Amino acid sequence: MSQLHNVFTLFLSLLVEAMPFLLFGVVLSSSLLLLVDEQKLITVLPKNPFLGALVGSCIGFLFPVCECGNIPVARRLLTKGVAPGVAIAFLLAAPTINPVVIWSTWVAFRGQPEIVILRVVFSLIIAVSVGCLFGWGANIVELLQPRLAKRFLFRQSNQVDSLSLTTPVGDISKLMQSGTYLLGESGQSLFPSPLTSEQTLASQAPKAIKWQQFLQNVAQELQELGGMLVIGSAIAATIQVFVPREIVFGLGQSPITSILAMMLLAAIVSICSTVDAFFALSFVSTFSSGSLLAFLVFGPTIDIKALGLMLSIFRPKVIIYLFIIIAQLTFAMTFVYNYFFAGF
Amino acid sequence: MQKIDKVALVAILSLSLVIGSLVLGSNACGTDCFLYVKPKITDFSWQNKTIGREDQAFLVKFNRPVNRDQIEQSLVIEPSLAGKFSWSGNKLAYTLNNPVPYGEKYRLFLDSASEGNLLPQKSTGQFNQLTKQAKKQEIEPFLGQFRSRDRAFAYIAGEGVNQGRLILYNWTKQQKTVLTPKNLVVLDFESYPQGDRILFSAIERKQSLDQLKLYRVSTGINHNSDQKFTAEIKLVVDSEKYQNNKYDLSQDGNTIVVQRINRSQPTDFALWQITEGQEPQILTKKAVGDFLITPDSQAIAVAQGEGIALFSLTEREQVALNYLPQFGRVVSFSVDGSAAVMVNYNQENKDLRYTKSLFYVNNQGVQKELLNLEGSIIDCQFNPKATHLYCLLTRLEFPENISPEQATTAYREQPYIAEIELATAKTIPLLGLPEYQDSQLSVAPDGLGVLFDQVLTADSFDAQNLQNRGSNPEQIPSSDINNIIKSRLWILIPPVDSSEVHQLEELPLIGFHPQWLP
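Chains D and V, in that order, are what the protein sequence lines are.
Oh and the first sequence: position 158 is 158 in this note's numbering, straight run, nothing missing.
Plus 1000 on top of the position in the second sequence (first one is 1) and you've got this note's numbering.
FYI, nobody ran anything at the bench for these hints, they're computed from the structure.
On a predicted model such as this, the values are computed, not experimentally measured, just so you know.
Please note that the accuracy of each hint is not assured.
On the chain V side, residues computed to face chain D include the following (Cβ under 8 angstroms) [what the hints assert, rightly or not]: (1) Gln-1002; (2) Lys-1003; (3) Ile-1004; (4) Val-1007; (5) Leu-1015; (6) Ser-1026; (7) Arg-1064; (8) Trp-1087; (9) Gly-1089; (10) Gln-1367; (11) Leu-1371.
Residues from chain V that keep clear of chain D, each with C-beta distances beyond 12 angstroms, as calculated [what the hints assert, rightly or not]: (12) Ala-1008; (13) Asn-1027; (14) Asp-1043; (15) Gly-1052; (16) Asn-1063; (17) Gln-1073; (18) Ser-1088; (19) Asn-1090; (20) Lys-1091; (21) Trp-1171; (22) Val-1236; (23) Arg-1263; (24) Lys-1286; (25) Thr-1294; (26) Asn-1372; (27) Gln-1515.
Note that CB positions come from ideal geometry on N, CA and C, so glycine has one too.
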């Protein structure tokens, strides 16, 4: 009984600590969704794969969405003709390299600023390298789902005739509906209103509608992500209390197993990047800084709940390649840090 | 095979090679490799610090997760300081059970050489593996050092050329230092929080009491002994426009509250708050009695009317924060501010009207009567852990064969020192004193003993008196000899365990008002 009590206490403490950040992240993400004109953004993106990937990684500063929200945005960017390298870099980096996540990581790891800095640096390296690799080494047809690839090619061949690219509302794939896989509640698209390639929230929608869209977006994201946070916190609290300390401690001691365990946990728990730093904080006493970094870097790029969303963009084999390469890069970098530099 | 497959497979294979070589390299490198970072202490909060009663716990930060059991077993403090371990992440907090003994140098060692009971040895292969991993954890040896403040007290000299001067007695170094100049007669003093300075009230010789000024003097305690120390005196509150009466210094040392009277307008009577670097402010103009600043330095408890009013020292309001009508006086606060002892004059209860009750009041809302007596409660002080109180009390003694009418005037007050156990409210009279005097007790910050002064008479009590005395107040030795010789300082040392008794020692110092430095 006392263990259940401990789980509940830990669960509440995680929840109370993370909730303000989630709220702030959702409000900011929704407001920036309204303020930033994607159309203009696309025209200024560099064509060079490396620069494109680098810039793509930093778009997260404009769209501070966590991994639950970045896939629809990446898909939207692709349908508008953004190079795949840029879109992939955005997909991988946006959940980490954005002000809300950096801030929440800072609040959680104020005592270890290197975690905050390295989280950004490692995520950037992964996003840029994977973005370059796929931007340079693959053609669109091999990379994207056939329907999306056709649309992309059509867009490229007919830049002017953008009307033909309009995505009818009813056509939005069920897979683009965020948050439905875990909770099965809302079943609505992440885009709160009919959104065409010409019609961006920031540029054209009337003010009243924009506000309505903003509020809808806030409510929906909060509902979906809040639910994920509750489940993630419950899992974290249960693991902390019920898994024998010797086992966790043993896993956390070896530089290799600690990283692998935390990467696995990141993929399974699927906690949103806005609040995952607080989740990781509860493991700080048993896991090395490197493995916490692995959790913080790997979690936002790959998680199980986003798998369905990713399948709406990429071919399955591409997703497998992405998983493996990102996991290898995360492991290599955090292992080097864990073994050779931890503590500096 | 498409281009994407080729690119991805090349990338995966290359990364696999890199990871393989990293893992192999790290295994070959082992724990003795210069690149391998062993768990180590990155921060020790008391390193090279001088600590005192306010320091109850230290923090040790590690660069990575460590085997807590191993650390707890390997950590050594010399001389030992009993305490409790608690962990938060990679931080270890060690909370002392008792205040740190003063005047000591301490060392903290951590060495992984101790192979103690790391993890429970279990028969399953998995746990053996874990135990091996844990055993592998070598920690970089660490040596930390810190010291506690010198044990010292100050008093007002009672004889000779130094009469009326403030003297610092460094118990650790057995050193006596005169802090104030010859021309000043010190009447009262209070130490600043670190004991490095003392606030004192004094008049110049041949001046009247209405010229009382407040000064601050440096004590040189914990001063680098290589350099010669000279006490520096600074005037803090003058007596030009106002006459200073009582005062109190806050525990953080930032605020002084003084009762002042306007020289040109004696009805202008107020409590003033004097904060470093700010203009003096009036706290209240109401007629007040004794006052004490609360240990958090945020408020002041003032005897007002028939109760105690609490005024804020941080908010500029002349309205009391709280009023405790049932108590007439705050005698003292515990060091951490969580408890206080107060006197109830029993005005409401006609059966107890001429008695006083000592109450223990804490921040949990507990109000407990500790004792009820007909005599006076002169002073009470908490011991450092706030488990016991040391009180200077009096009981009334009536001459034999007098009528009840005569009894109201013919009594005399017999002072005695008592120890009160707060948990049980058990009062144990310790020592009878020969003469009534308005004296104060001072309990050492590390709990060494209780200092007090006592007028010496021709037939003075001695330590033997205490040893022969029982714990019955009726057995308190009394003295009817009024032949005052001089005022000596005494220390009452509480027993270490219950089988011992209190020890009384006479200090070879003549003076008044001894006060331990914090």
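Hint-by-hint comparison with the structure:
no., hint, result
1, Gln-1002, "5 angstroms, holds"
2, Lys-1003, "6 angstroms, holds"
3, Ile-1004, "4 angstroms, holds"
4, Val-1007, "3 angstroms, holds"
5, Leu-1015, "4 angstroms, holds"
6, Ser-1026, "5 angstroms, holds"
7, Arg-1064, "5 angstroms, holds"
8, Trp-1087, "6 angstroms, holds"
9, Gly-1089, "4 angstroms, holds"
10, Gln-1367, "32 angstroms, violated"
11, Leu-1371, "41 angstroms, violated"
12, Ala-1008, "4 angstroms, violated"
13, Asn-1027, "10 angstroms, violated"
14, Asp-1043, "10 angstroms, violated"
15, Gly-1052, "26 angstroms, holds"
16, Asn-1063, "3 angstroms, violated"
17, Gln-1073, "15 angstroms, holds"
18, Ser-1088, "7 angstroms, violated"
19, Asn-1090, "6 angstroms, violated"
20, Lys-1091, "8 angstroms, violated"
21, Trp-1171, "40 angstroms, holds"
22, Val-1236, "40 angstroms, holds"
23, Arg-1263, "55 angstroms, holds"
24, Lys-1286, "45 angstroms, holds"
25, Thr-1294, "31 angstroms, holds"
26, Asn-1372, "43 angstroms, holds"
27, Gln-1515, "40 angstroms, holds"
In summary, the structure is inconsistent with hints 10, 11, 12, 13, 14, 16, 18, 19, 20 from the numbered list given earlier, while agreeing with the others.
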